[in-house]
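As they're listed, the protein sequences go chains A and B. First residue of the first sequence: 233, per our numbering; consecutive thereafter. First residue of the second sequence: 15, per our numbering; consecutive thereafter.
Treat the hints as calculated values from the structure; they're not laboratory data. Among the clues, some could well be false.
Here are the in silico distance ranges between beta carbons for each label pair [stated by the list, open to error]: (1) Ser96/B / Lys303/A: 33 to 41 Å; (2) Gly329/A / Lys56/B: 34 to 42 Å; (3) Val287/A / Ser40/B: 42 to 50 Å; (4) Gly235/A / Asn124/B: 41 to 49 Å; (5) Asp72/B / Arg248/A: 45 to 53 Å; (6) Gly329/A / Ala43/B: 16 to 24 Å; (7) Arg248/A / Tyr65/B: 44 to 52 Å; (8) Pro125/B / Asn284/A: 42 to 50 Å; (9) Ala43/B / Gly285/A: 37 to 45 Å.
Residues from chain B that keep clear of chain A, each with C-beta distances beyond 12 Å, as calculated [as the list claims (entries may be wrong)]: (10) Gln20; (11) Arg74; (12) Tyr85; (13) Asp97; (14) Gly118.
Note that CB positions come from ideal geometry on N, CA and C, so glycine has one too.
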Amino acid sequence: EAGVAQSPRYKIIEKRQSVAFWCNPISGHATLYWYQQILGQGPKLLIQFQNNGVVDDSQLPKDRFSAERLKGVDSTLKIQPAKLEDSAVYLCASRTGPTNTEAFFGQGTRLTVV
Amino acid sequence: QKEVEQDPGPLSVPEGAIVSLNCTYSNSAFQYFMWYRQYSRKGPELLMYTYSSGNKEDGRFTAQVDKSSKYISLFIRDSQPSDSATYLCAMKETSGSRLTFGEGTQLTVNP
């Protein structure tokens, strides 16, 4: 079974630039998450999708972050404009449904804002 | 106050040692308790999963949950260099599926 795919693996941008990350979850997984993991910290949920609908985006900084999952499969997370404090690893995870046990994580995209 | 507090580490032990990793939490609605292992530059992977209080054993790993004290632990017996990673505790309420993570403990097992 293929895992959660994310791209790019690494990205370096200047502050105030825009950046987008892509995630392809495990086939058949209806629930998709984006997490932000700052160095030395645990992952923090940014947004949760159930199919193509948003379930929880309470911790998403909506003035600069946006995410979509138009066809209920792939998802993109965008930051516009980026700030220095956005430097982190952005992890995508998926699970079959909203309440079952295991969420599978991708390897993440490491963003450095300079 | 953070909902989940985790011993920061880093923790360095010799091969074969017993390792104890711990988290405390404040949200009494948490019912599902997980331990994730995260190798450097990789995503977290689920290691152990426990519902409510009690113990769960899987090979060299034992997870304990004490809901009365709001305290969970992960024990690793006969630790190996391959266990060197960051260990994250995570918790979830019965309703909803948001995982709340601890900060992570970086463990190094020295051969």
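Any hints from earlier that this structure breaks? Give me their numbers in increasing order, please. Violated hints (numbers, rising): 2, 3, 4, 9, 10, 14; every other hint is consistent with the structure.
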